[in-house]
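Enquirer: One-letter residues, chain by chain:
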Amino acid sequence: MKDMKNRRFIYYVTVCSIIMLACLDALMLGGCSENTASDNDGDGIRLRVVTYDNGNVPLDAKKVIAAANEVSQQKIGVTVDLEFQPSDKIDLMMASGEYYDMVFTSSFVNRFDKNASEELYYDITELVREETPDLYRIIGDYWDCAKIDGHIYGVPTLKDMGSENMFRLNSDYFEREKGMKIPERMDFADIEPYLKAYKEDHPSEYPLEMSKGGAAGYLNFLERIVNPIVVIPYTAEGEKPRAIAFWDSEELMNRFRLLHKWYMAGYIHPDAATIDSTAADKTIPVRWGVAWKGYQGYSNPSDWGFNVKTSIYDGPYISRTSEQGAMFGICAACDEEHAKACLKYLELLGTDRKFRDILGYGIEGTHFEYLPNGTVLRLKTGQDRYNTRLYLTGSVVNASVESVSTDFLADPNQWEGVYEEYRTDGIYSRTNGFTYDQTPKEDIITALQAIYSDYAAELRTGTSDPDEVIPKMRKRMKAAGMDELLEDINSKLDEWIE
Amino acid sequence: MFKRKKPKQHAGFRKETWQLTLLAVPAAVWYCLFCYLPMFGVVFAFKNFKARPGEGLFKNLFVNSPWVGLDNFSFLIRSSDMPDIMFNTLFYNVVFLITGIVIPVFLAILLTEVHGRTFSGMVQMILLLPYFLSWVIVGYCLYGFLATDEGQINHVLKIFGAQAVQWYQSPQYWRGILIGIGIWKSMGYSMIIYMCAITAIDRSLYESAALDGAGFFDRVFNITLPQLRTTITTIFILNIGSILTSDFGLFYQVPLDSNSLQPVTQTLDVYVYKALMQQANFSYSSAASFLQSSVGCLLLIISYLIINRMNRDDA
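Protein chains in written order, with numbering that gives the first Met the number 0: chain A, 0 to 497; chain B, 0 to 314.
Hints were generated in silico from the structure; no laboratory data involved.
Note that this is a predicted model, so its numbers are computed, not measured.
Just so you know, not all the hints are guaranteed correct.
Claimed, not checked - Think about it this way: if two alpha-carbon atoms lie no more than 30 Å apart in a straight line, the pair counts; the simulated DSS-like pairs of lysine-lysine are:
(1) 157(B) - 440(A)
(2) 58(B) - 113(A)
(3) 273(B) - 88(A)
(4) 273(B) - 491(A)
(5) 146(A) - 49(B)
(6) 273(B) - 440(A)
(7) 113(A) - 273(B)
(8) 49(B) - 260(A)
(9) 491(A) - 58(B)
(10) 198(A) - 58(B)
(11) 58(B) - 440(A)
(12) 195(A) - 157(B)
(13) 273(B) - 62(A)
(14) 157(B) - 146(A)
(15) 177(A) - 281(A)
(16) 113(A) - 88(A)
(17) 474(A) - 58(B)
(18) 157(B) - 88(A)
(19) 49(B) - 113(A)
(20) 273(B) - 477(A)
(21) 157(B) - 260(A)
(22) 477(A) - 49(B)
(23) 281(A) - 157(B)
(24) 471(A) - 273(B)
Stated by the list, open to error - Where chain B lies over chain A, by a calculated footprint (3+ residues, C-beta under 8 Å):
(25) 261-272
(26) 434-447
(27) 477-486
All residues carry an ideal CB built from backbone N, CA and C; glycine is no exception.
Generate the whole structure from the sequences, applying the supplied hints.
Expert: The following block contains the structure:
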């Protein structure tokens with residue numbers, strides 16, 4: 000009897016262990032099987048393309064990609080598995096050596112200069128000229144921003160190549176109600192009377208949009224070498240460019256002072272430095288924006304409940320950083336066949352408008368429709384289920400221009416005007432092409448980043464007084480090796496200028 | 000436990016007990032897979048890890064990445080405020096080490112004296128509930144109280160005519176707030192352990208003590224606490240192993256990463272997170288956690304030896 004009990008007991012334990020091990024196995028194999036997705040699949044090449052999206056994977060992504068794959072399979076024999084991943088996932092993917100074919104890379108997410116100088120991307124200098132001459136031609140001068148030591152490691156996405164910062168104002172209130180004029184351009188400080196007027200009418204509200212990230216693109220008027228700590232101000236011709244700590248930019252300090260003044264005056268929410276997002280509060284009358292001339296996305300009255308007018312206060316600043324706003328890098332581990340397929344795919348996105356609109360806007364009739372003037376209107380399904388920003392999926396310039404409503408039409412040839420403006424009014428960086436390899440000083444930079452994040456949110460929201468806080472931060476940063484870093488950057492910069 | 004019943008046997012494998020030993024197999028497998036197998040990862044801390052895409056982890060780690068000795072630790076020393084960071088880490092951990100034992104023991108003793116079952120169950124549940132909330136939720140609930148404009152506390156202050164306080168910009172209050180929140184969240188859980196230990200104490204001890212005229216405090220100090228000593232020591236040893244590790248959620252999520260509060264919220268984990276958030280550098284982060292674990296391991300061994308010396312039975 001006792002024997003039987005024992006046996007049954009052993010039986011149970013064994014079964015349990017086997018089940019547990021089987022589960023573990025399944026988990027491990029499940030994890031591995033993801034890697035096989037990018038294999039050749041019969042009659043065409045299938046690519047694993049990873050693009051960036053901060054947490055909002057479009058609901059209809061699968062359907063749209065399938066529709067795009069049908070077209071691309073037929074035209075060039077290439078299909079894609081397009082994944083939308085947040086920035087930290089992409090960093091992890093790059094750092095752990097995971098396989099992909101093509102990845103979103105830029106100056107702000109998955110940093111191109113760092114990865115390219117470590118040769119994580121395929122050197123396409125020769126390949127792009129031979130295999131995809133059309134792609135090579137349309138990108139033209141902008142290839143420079145994808146070069147490291149003369150080699151091309153990425154494909155820049157043609158979009159707004161310079162950065163223009165603007166205020167987005169409630170024109171119903173300011174123009175119609177208060178009789179104030181909203182000019183096309185103004186200075187940063189000129190926004191003050193608008194804020195004052197609104198605050199007087201609504202004492203318990205805060206007229207200037209602000210969350211812990213600060214004003215959108217608040218550093219765009221500086222070229223950032225070690226973002227956001229070391230910058231090079233745009234200089235006039237003949238002046239020698241120098242890398243400086245951000246606190247040495249008088250212009251930036253003045254803006255911090257102004258923001259602090261506005262904060263104290265009650266124009267900015269007292270908890271701005273701890274607020275994640277202000278998107279839910281539609282009443283805020285002055286918002287920040289980074290876009291280009293003619294961009295309508297900020298101005299749809301049905302989004303806001305009032306008419307919006309934009310007023311540019313900065314730019315367009317054109318630098319390596321701004322040109323690298325969106326790019327694609329091809330994995331260094333790709334064989335030539337896959338690298339070619341990647342380029343072919345990007346070429347198709349850059350030259351075939353109908354195809355480009357699929358990945359950009361979705362399926363015609365379901366997600367968007369063409370308007371008579373050639374622009375695109377997103378339908379309700381498209382707004383809810385495939386509302387992704389254009390630059391994440393390829394060329395923006397080659398996509399149709401979006402109108403925000405049928406009675407508020409955009410100019411279908413908007414981009415010609417934008418590029419014309421870059422040529423005439425653009426403020427160009429004198430150090431375009433200079434890259435600084437951060438690896439040797441990485442420990443200093445890491446320590447500096449930690450110190451910076453102790454003050455950043457309160458500085459850029461105006462919460463703290465820069466004249467009080469900056470000296471403290473400067474002392475700590477100097478102790479952590481700021482001078483050593485600046486010296487190193489400047490000596491590299493001098494070498495580069497010569 | 001079963002070993003005690005057969006005092007003549009030596010520890011180790013015996014024919015009579017092998018089924019019971021078998022019970023440990025799943026746990027042993029788990030520890031091998033998830034604790035011992037990944038230990039090779041400490042190598043990360045001494046290498047400049049550079050992954051080449053498409054190549055396996057082992058090749059990337061052992062072949063492609065060069066040895067750099069202790070270089071990866073230098074970013075920890077680079078920061079001139081490492082003393083402050085260390086002070087914060089140790090300060091909070093020592094406070095939690097003490098309060099994490101004193102308060103739950105106190106509560107457990109009080110609760111076992113409550114004889115109404117419903118009431119005692121309700122109190123237990125209320126005390127335990129916070130343990131299951133995530134720090135993010137706790138952080139936002141706290142924000143509901145402390146927000147400058149809409150916060151409940153400032154509303155109350157205004158009713159009494161006092162100035163509204165900008166809580167997230169006033170570091171002087173936060174050591175207290177953080178300790179309070181930390182205790183509030185964890186005490187219910189640790190209390191349960193002590194309550195179990197108390198129920199295991201032989202009731203006849205209390206009865207005979209009561210017959211001899213011992214009051215409540217006499218019973219607590221002469222019966223309950225001595226009987227709890229083993230449990231308390233175990234928990235103490237377990238906690239001292241994580242003396243350099245702090246609860247990231249408590250120190251980063253709860254203060255909403257507010258800049259002004261940094262002097263009182265910056266612990267080692269928070270610093271490492273902030274420093275590496277932008278860098279995604281595996282080698283640096285494993286260097287930091289290697290340091291934490293080795294200091295913890297060292298302290299654990301030392302405290303074990305000390306306690307072992309003091310009383311062989313407890314350890």
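Enquirer: For which of the previously enumerated hints does the structure constitute a violation, in increasing order of number?
Expert: Result: hints 1, 8, 9, 10, 13, 14, 17 and 18 break, sorted rising.
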